[in-house]
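Visitor: Chains Z and D are the protein sequences, given in the same order.
Using the working numbering, read the first sequence as starting at 1 and increasing by one per residue.
Using the working numbering, read the second sequence as starting at 1 and increasing by one per residue.
Take these hints with a grain of salt, some might be off.
If you anchor each label on the Cβ, the simulated ranges turn out as follows [stated by the list, open to error]:
1. Z/136 to D/138: 20 to 26 Å
2. D/103 to Z/42: 48 to 54 Å
3. Z/100 to D/216: 45 to 51 Å
4. D/157 to Z/212: 55 to 61 Å
5. Z/185 to D/233: 48 to 54 Å
6. D/156 to Z/211: 39 to 45 Å
Restricting the straight-line Cα-Cα distance to at most 25 Å, the calculated cross-link-like pairs of lysine to any residue (SDA-like) are [stated by the list, open to error]:
7. Z/91 to D/215
8. D/91 to Z/82
9. Z/91 to D/72
10. D/91 to Z/151
11. D/31 to Z/72
12. D/91 to D/198
13. D/91 to Z/41
14. Z/91 to D/50
15. Z/91 to Z/151
Treat the hints as calculated values from the structure; they're not laboratory data.
Beta carbons are placed, not taken as given, at the ideal position from N, Cα and C, and that holds for glycine.
2 protein chains.
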Amino acid sequence: MPRFEVIAFDADDTLWHSERLYVDAQSEFRKLLARYDSPVDERLHQVEMRNLRHFGYGIKGFALSMIETAVELTGGRIAGADIQAIIDQAKRMLAADVELLAHVDETLRRLMDRYPLMVITKGDLHDQERKIARSGLANRFRHIEIVSDKTRQSYEAVLRRLGIAPERFLMVGNSLRSDILPVLAMGAIAVYVPYELTWAHEMSAPPPVDQPGYHEIAHIGLLPDLLERLERPRT
Amino acid sequence: MPRFEVIAFDADDTLWHSERLYVDAQSEFRKLLARYDSPVDERLHQVEMRNLRHFGYGIKGFALSMIETAVELTGGRIAGADIQAIIDQAKRMLAADVELLAHVDETLRRLMDRYPLMVITKGDLHDQERKIARSGLANRFRHIEIVSDKTRQSYEAVLRRLGIAPERFLMVGNSLRSDILPVLAMGAIAVYVPYELTWAHEMSAPPPVDQPGYHEIAHIGLLPDLLERLERPRT
């Protein structure tokens, strides 16, 4: 019997590109507000953080926060056409192609014969479902969980529902804050796969490299080898 | 053994008031745009329908559609302060108290001893979870499912996951389109409890009163009696 009962993956920036949509949108937003001499990025981040409890994660909340930031930074003088440009940008983000990261396709194909695979992702339900459907990966996964936030409690609820003990659960993801630290805190195994871009909100100091259960790999293609090592009986 | 393996409830306007938040917001929106001589409600509905495939259901998408409608109706001359007023309205909606409908509390209390209860609701994950938590009803339910849309397919997926046959599933809700027709289509039992307000998008012709599996009651307090009748062996 394999050591792990399920291998779970974060989706955004673990299976497919996502953060770069936000980075591109923010760059458009910066251009839109270029005539106002103000630190756009910092203010947008403040507004996003302030609104998180209202809006939660995802593109629709991001769009509302961009609009609010634009109204604030322009003292209300933002043009209607510019507001519409922000909404259109959000729609483009919501309709964007899903581009898989390198090695994702063959890695999942290789692992799915050996383990039940699972996705645990957060954000807008509608948008996350669309991406899973468009990714072409839906049938690789036994379970798909879309959660509003990734905390120790939300992981514990998922494991309880599936009847899986933490030590038999392994999570793979690119966010230390959401995919790694809460998973380690409940006594499960976490594999950190850094992505080239990280939203400031998801940043966190990594755990000590010798922390039990913590592993880091450079890309997801290295996961099967790591799993083989972890499955080997310790002598 | 009871005839039904689970009794499922819609949440918005079945367990607690919701549509009136939208109606109030739309009335504020109408006042905001009063100086523009244009049929606000009709245009807002068109924009909402057009945006549904991008935004899905829920308050954040509603807010973005109000903003877009305001930009359109004013030919881009909408003031920044008015845009902010729309965003603030959305935040108030997202922070609104959860007010239970009459009879909900005692009805659930009475039924939970006899049946596993369930919520199946659609909309923003973050917002729906907040309402369930704030309602004080969370521990009455064995299962909570938040879905992006309520179609025959989404109900079938829920039943498959729980291993429940359609004829042993009963759904209670106020939307013919979302709670009743897809449930009847898969061969389950549906109890329609009309609410005083219905969003145009959720309207639908009711099924014939003699359609097998279809029941209508005036308020949720009448559900236990209906269930008792349905449980009685037919002679």
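Visitor: For every hint, state whether the structure bears it out.
Guide: Hints and how they fare:
1. Z/136 to D/138: 20 to 26 Å: violated (36 Å)
2. D/103 to Z/42: 48 to 54 Å: holds (51 Å)
3. Z/100 to D/216: 45 to 51 Å: holds (48 Å)
4. D/157 to Z/212: 55 to 61 Å: At roughly 37 Å between Cβ atoms, residue 212 of chain Z and residue 157 of chain D fall outside 55 to 61 Å, so the hint is violated.
5. Z/185 to D/233: 48 to 54 Å: holds (52 Å)
6. D/156 to Z/211: 39 to 45 Å: holds (43 Å)
7. Z/91 to D/215: violated (40 Å)
8. D/91 to Z/82: It holds: about 22 Å lies between the C-alpha atoms, which stays within 25 Å.
9. Z/91 to D/72: holds (16 Å)
10. D/91 to Z/151: holds (24 Å)
11. D/31 to Z/72: holds (23 Å)
12. D/91 to D/198: holds (22 Å)
13. D/91 to Z/41: holds (22 Å)
14. Z/91 to D/50: holds (11 Å)
15. Z/91 to Z/151: violated (29 Å)
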